[in-house]
Each structure stands twice: as structure tokens, then as C-alpha cells.
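As you go down the protein sequences, you meet chains R and Z in turn. Heads up, the first sequence stops at 502 in my numbering, and the numbers go up one at a time, no gaps. Heads up, the second sequence stops at 502 in my numbering, and the numbers go up one at a time, no gaps.
These are calculated hints, taken from the structure and not from any lab test. Using N, Cα and C, we set each Cβ at its ideal position, and we do this for glycine too. Don't take each hint at face value.
[Said to hold, decoys possible] Derived DSBU-like pairs: lysine-lysine, alpha-carbon spacing no greater than 35 angstroms straight-line: (1) Lys476/Z to Lys270/R; (2) Lys65/R to Lys476/Z; (3) Lys419/R to Lys270/Z; (4) Lys55/Z to Lys302/R.
[As the list claims (entries may be wrong)] Examples of chain Z residues lying across from chain R (beta carbon under 7 angstroms, computed): (5) Tyr57; (6) Glu94; (7) Phe202; (8) Ala425.
[What the hints assert, rightly or not] Covered stretches of chain R, as calculated for chain Z (at least 3 residues, CB under 8 angstroms): (9) 220 to 226; (10) 394 to 405; (11) 474 to 481.
There are 2 protein chains.
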Amino acid sequence: MSEKNIPYKIYLNEDELPKAWYNIRSDMKVKPAPLINPGTRQPMTAQELSQVFCDELVEQELDNTTPFIPIPDEIYKYYKMYRPSPLVRAYFLEDALGTPAKIYYKFEGNNTSGSHKLNSAIAQAYYAKKQGLRGITTETGAGQWGTALSMACAYFKLDCKVFMVKVSYEQKPFRREVMRTYGASVTPSPSMETEIGRKILAEYPNTTGSLGCAISEAVEVAVKSEGYRYVLGSVLNQVLLHQSVVGLETKVALDKYGIKPDIIIGCAGGGSNLGGLIAPFMGEKLRGEADYRIIAVEPASCPSFTRGKYVYDFCDTGKVTPLAKMYTLGSNFIPAPNHAGGLRYHGMSPILSQLYHDGYMEAVAVEQTSVFKAAEMFARSEGILPAPESSHAIKVAIDEALKCKETGEEKTIVFGLTGTGYFDLVAYEKYHNGEMTDYIPTDEELAKFFAQIPKQ
Amino acid sequence: MSEKNIPYKIYLNEDELPKAWYNIRSDMKVKPAPLINPGTRQPMTAQELSQVFCDELVEQELDNTTPFIPIPDEIYKYYKMYRPSPLVRAYFLEDALGTPAKIYYKFEGNNTSGSHKLNSAIAQAYYAKKQGLRGITTETGAGQWGTALSMACAYFKLDCKVFMVKVSYEQKPFRREVMRTYGASVTPSPSMETEIGRKILAEYPNTTGSLGCAISEAVEVAVKSEGYRYVLGSVLNQVLLHQSVVGLETKVALDKYGIKPDIIIGCAGGGSNLGGLIAPFMGEKLRGEADYRIIAVEPASCPSFTRGKYVYDFCDTGKVTPLAKMYTLGSNFIPAPNHAGGLRYHGMSPILSQLYHDGYMEAVAVEQTSVFKAAEMFARSEGILPAPESSHAIKVAIDEALKCKETGEEKTIVFGLTGTGYFDLVAYEKYHNGEMTDYIPTDEELAKFFAQIPKQ
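Bound-form chain R, shown alone:
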């Protein structure tokens, strides 16, 4: 522990919590491509989007120019329940690695949702309440987003209907019970509650469900129910806007101690965590004020950035959503059954896709056994049991720190520790028992899914 002046954890005061979200699009010379209507092939209008989404969120979704959007008081009040989150100096991990690198991580796991997802859930629930809605619907896979949304709906006294992929509903009863504690109704999908659910069940009575089907059910219920809208926890521009609070806090904490990162690392599924963490740093880079190496980490079994195509594709398997231009593996892509490490989305945030396409960031794909090995090392040295998703960033942070050990460089590495692994212990058990395997799809396998992407 060389630098005694930097504490183990940097906690900002409550009045240092950012007062506005930062809209990275305002600094992008090439804006992310708009969502388009698959029928008309025209950009989705605000009116079209507001059938499904809350009005003010539609505005945020389409706003490519306003640099800062003030955080409303009611949202700020709830942010203070669990924010600012700590920026931790990984002294113990550095010691364990014997690296001269200085490692920091922004830890978003100290709230009951167990992740950064709450940052956007509170915002989306607030705007729904402000619009006078009765409730919101969403889908959830592993349950992190559903938990965050059920918490936010409890705060604003909104009805919350979560469609949970049936296999997760049955295998992760604990996530379901957390959501019920916050008053959400949780329905295994496919269900008999929707037309599309009944249709799928008639066709495939033994299906264990999919995220695509759950999205379709959630959207159907939102559109057909008086006073309901649908909300989504990642991918969308509005979500990255809300998540910018993560990066803004990180920057304030680093600036306070005069620390300038060399490398910033985040895991990438739909992109909400990575987009939020890097926002203000990427802004400086876009404006030519500073340079940073920015690395997105994804699973080798679901390699959207590193092996996907940058094209227009559906956001869901059921093809009920608009088309988004993004790095995609094809909306029918599902990671191999042995994949336990999260980050299983076939596409990627259009904002991050454009930035990656324009060369502002790198991407690397890692295999899950190496991710769990990094997770275990991290847990034993830093004390925190990380989520498998977050552990992708840990793995690459360790790799970069070990490179510094070889070269003797004292680089400053910052990564996002998005959440805790308390509900991922089935995956840890597989790892402990030596039952975890890796899988990398072949080019032929990927080609099959690419073939189903709509004609551009």
C-alpha cells in the first residue's frame, strides 16, 4: 500500500452527487442512427414511440443535442438513498498481483437490486408516475433489472408487472421473491395472460421461455392496458443517459485526488453500464480534451462487438420492436446452454455501437472460466463477491495490470464493478465443481443467425 493519501474507498458527499445527467450524443460528431419502423422503414416518430414508452422518456430517447439534462428533485431524492457509490482503490488486488498499476473500481452493488440498474429504474418509474400512469411493464431474465424496477415502483407507488423468462422464474425463485417483497407481480413467460403467450404455449407447451418472448408479452400488456407503458433496462439512449451518473461520480472522485486514468474498462451486454461509466471520459475524448483507452469486455460466447455485424436489426427475438442500428449477432442468437456468465444480449447500445465503429473504443471477448477465475481471485483479495457480468471487467483489468507488471509501467486502470453475485451462485457452484466449460461459436454457427437479420 504505497500511497497512503488515497483512501481505500472514496465516498463523495451527498452534495457532490451530479445534478444533471450527461448526454454523450451532444458531443458525437456522428450521431447514433435512429430507431426505424420495420414497416415503413422511416425513423420512429415521438408519437409512434409514445404508444409504448413514457412521453418524457421518448423525448430523452430522441434528444441528440442537449448536453446536460437536469436530474429532477424527486429522482435526486431517491438517488441519495444509495448514491454516491464508492470508488474503491484496489490496494489488496494490486498487492495480490504484485503490479505497479494503480487499480480503481466504481462499485455499484451496494443496493438491493445488486447493480447499477436502479439508476435508470428510478428515473423511468418517476417519469411514468409524472405522466399519471397506473403502472409499467417489463421483462427480466436473471432478474436484476426486474428487481431494480420493482424497487423503483414501490418508491413511487406504481403497479409493476414483470414477465420473467420461465426457466429463470423456476430456477431463480429468490430473485422472484425479492421482486414480490417490493410489491411487483411476477409472471413466468410465456404465460396465458397475453395473446402472444397463449399462441406460443399452444405451439410449444413445454417451452422454458426466452427474453424475446418476455419482451413481446410485456409490450403487449403495456399497449393493451389503460394507463400502462413498457420500460427497458439497457440498450436505449435514455438508459445510457441515466447511467451517466456512474461515470460523472467516478470523474468527480478521481478529479478530487488529481487522478487521471489511462485505461477505463467495463463489461458490455446491452451497454448500459459501460455507456454510463465512460460517458464523461468519452466526452473529453470526443472534444479532444483528453485521451483514454476505453475497453468493452464481452463474453466469447456472445461476442456482439468483436464478431457481430453493424447493421439494423430487431431489438428482440419476437420482432415486435423497432429496428436499431447496432453491432448484432442476429436477434435469434442465444448463447450456448453452458453459458453462465450473463451478458447474453444479441445486440448492443446504438450509441456505443457508433462510438466503437468510429474507433473511439476497443472491445475484447473473454471466456467464462477465465472470468470466474478472476472473480474468485478478486473476491479473496478485495472481499466483494462480484457478479459474473462485472467479472468480465475484472478479468481484463487484471490482464492489463499484469502487463504493467511486465513492463514496469504504473498505469492507472479504472473499471466498473456493476454488481454483486449473491444470486449467481449456481454459476459459481459449477465453477467450483469443475463443471464449467467454455464455448466459442464457430463462424458457420454465427452465419446462420446473421442470415436472419432483415435486409438493410
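With the hints as your guide, set chain Z onto chain R.
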């Protein structure tokens, strides 16, 4: 939210973390009764105790006079990984209750053990390492203490053998996996690894185990293995000493804002949390410098304080431990099978027992359905999913705040939120499904267990 000057969370700086533990015994006019040897009926000597416990911990166990014991640097370093813990002003709970009371809680759940247990685990592992031991053994029921100890042993690179009550081992595989992540070996008890385990299995091949049996196995392995000692997570004087860090931080945070509590509330199982939280406040009370209402909360189904006897009894069901003078229900007492709310220990810390006996604190027993109702209300307003144990304190804090609502008094209430309920969702599920029932043992039932207490 009336008082804008008090933040939602009071975080101390790292340099405000207490440098010494406070030994409440130094201020007690009537000291807690010593442990006695059941064979000789004489107080246990340091030499006798050091067969089972680490040398320096034995010293702490027997030290009734030193007011402050410095926290060694190596322990302090690891405390800084997760301490100071926040003191939270429960603005949202106050609003939900409509009470003029000011409610604060000290939140110990933001570490992977999920509770305050880590405070003593780190200390005990450190002293074992310092003594040059190879490893330590312990028992765990639900797994909170076992998790904390496995984390501490990972930090100090000590072998950690946990005997986990078989029914918990099978029903709570996730706790087991957390311990394995930190490198502990976890053995379902009774096991074939010990004499007492083999004996019990021969007699009752289908037994699901008990804490008493797990203690016996852990002690046997510690005593018979070269370089091993046994450690315990509650009840003992040394554990309350380590946990005083909770109360000391609470006091520093309150003093910083000029807040003087009227009522201090903590849940009580073996007494480690309550004893730690109240320590410096009780010290002032014992020295006549201040007065506080101090309330211990226990489950109505395991009512050691409120219905137990203050006598010498065994600390374990297997009767391999010394005798401790404490409030006890009899060492054979096991709460009813419907009890899901934790705090199932038959006895109570000798320090707290003496203080309660001498009238320095109150105790109240509450039924578990009312505890889970309070837990749910707390989760929905304050965002944190509380452990069932901690929720006993929440229940009584709410009751006291509602009394203030009736009288209009603006009392300041402080309670200990010992941990999170992420691994207790089977109990929450029972509550959500309306399957949770209450149980209060009859006087006749208690009399049967009292009858087995050794003659005084």
C-alpha cells in the same frame, strides 16, 4: 424531510474509524460471571481455555478491566475494506409512518458476509495467524458467521474448516458456495470426519444435524489437529469487544451532528450485534454520564431474555463447552420448526445477561409474522432488503416511532440493521404466500427444557 442539514447517509472518513475496541466490562460494577469448568466447577483458567481458543483471544476473554484495547494495524487495514459503515437517517421510513420521531440505523450489511459478523471474524483470524496456527474450525447454521470467517481466512491465508448444520448445507447451497469461493472447506454436520459425528450418525443415520452437534465436531477437530483452534461468532466477551466498533462508529457519527439518541434498539440472538452497538452508550450509562433507553429484541419463539432463567448452563447442545452464566432456555431448547426468523440461540451473552439482570436494559419479544411485515414495509420505503434477524429491531423501532406519532414526541431512535436478507428468501417466500405462522412456547414446554439445566 424536515432537517436538510443531516444527510441521508452519514459516512465517516477512514481516519475516523475507531483505533481501539471498547471493553464494556471495564465500566461494569458487577462483572459478568466467569465461564466455569463443568467438571471442577471452578472458573476456566487461561490455560484451559487456550486448548480450544487462540492465546490472545483468551486474554481478551478474561480481561474485565482494560477499557480500550488497540485494534492492531493488520486488522485495521482489513476493517477499512468495508468500514466505516453508514449511519442512515431513515427519512423515507419516517415519511411512510408519518411520525415526528427521528430514526437512524447503523447498516452493517454492505459487505459480502452480509452482516456485522465480519468485524469479529477478521480479528479472530488475525490472532490465529499471529499465533502461527495453520487453521481454524467453526460451526455455522444459516451460514452468516461461516461466510464471514471464510472471508477473513482468505485474507490471512489460513485454512478454514466450517461444519454446517446438515439441513442448512442442503437447503442453503448458496451460502455454502460463497464460503467455497473464499476457499473454506464446508462439511455437512454430523459427518464421518469426527468421532462424535460418527457416533451420532450410527445412532441416528437420518438426522439433519443441529448447531450443538456442529459445535462439538468443530471443537473436536480443533483440539485433535496440530495447529488448529476453534472460534465462535457470538456470545463470548471477546466477540462483543470486537463488535464495539459498530457502536463506537455510531457514536462518532451522532456526535458529529450533535445528535443524542433517546432509544437504542438491537436484535439479540447470542448478543454480538446488540452488545457491539450499545457498548459506548451503555458505558456512559454505567458511568452515570448519560441515560438511554436500551431495548433488546428477541423472537417470541426463542425468548431467552424475556422468559429464560439467569443461571449457569452449557453453551451448546452437545455439552462439550464450559458453563456460562446467562439467560438461557436450556441448552436442549430448539425453536419450533415454523420459526424462520433467525436468532435461534438458547442462551445469551454473559455481559448482556448481567446488564439486563442489573436493570440497565429492557427486552421485548416479538412474533415473526409482525417482524416480516415490518421488514417488508422497511424494504419498500428504505430500499434495503433486511435480514430477518435485523427486522426484529426494525419492528420495535417502528412501534416506538408510532408511539411518538400518538404523543407528538420527537424522540431520536437508533437501531442496528445488522444485515441483508439475500440468503433468507425462503422465509420471505413463506411470508408472501401466507404460509408463515407464529409460535409461542407454553410455560409447560419451557419447563421441560429448564429441567435439563445443570444443578447450580
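Consistency of the hints with the structure:
1. Annotation: proposed proximity of lysine 476/Z to lysine 270/R holds, straight-line Cα distance about 33 angstroms (limit 35 angstroms).
2. Among the hinted pairs, lysine 65/R with lysine 476/Z is inconsistent with the structure: their alpha-carbon atoms are about 42 angstroms apart, more than 35 angstroms.
3. Between the alpha carbons of lysine 419/R and lysine 270/Z the distance comes to roughly 34 angstroms, so the proposed pair stays at or under 35 angstroms and holds.
4. For the suggested pair lysine 55/Z and lysine 302/R, the alpha carbons sit about 20 angstroms apart, so the restraint of at most 35 angstroms is met.
5. Hint on tyrosine 57/Z holds. Least Cβ distance to chain R is approximately 5 angstroms, under the 7 angstroms limit.
6. Here the hint on glutamate 94/Z is broken, as its CB sits about 35 angstroms from the closest CB of chain R, past 7 angstroms.
7. Against a cut-off of 7 angstroms between C-beta atoms, the interface hint on phenylalanine 202/Z is violated, since the closest Cβ of chain R lies about 11 angstroms away.
8. Interface restraint check for alanine 425/Z: the shortest CB-CB distance to chain R comes to about 5 angstroms, inside 7 angstroms, so the restraint holds.
9. Counting residues of the stretch 220 to 226 of chain R whose CB lies closer than 8 angstroms to any CB of chain Z gives 4, which reaches the minimum of 3, so the coverage claim holds.
10. With 0 residues carrying a beta carbon less than 8 angstroms from a beta carbon of chain Z, the stretch 394 to 405 of chain R misses the three-residue requirement, and the given coverage is violated.
11. Residues of the stretch 474 to 481 of chain R with a Cβ under 8 angstroms from some Cβ of chain Z number 3, which satisfies the need for three, so the listed coverage holds.
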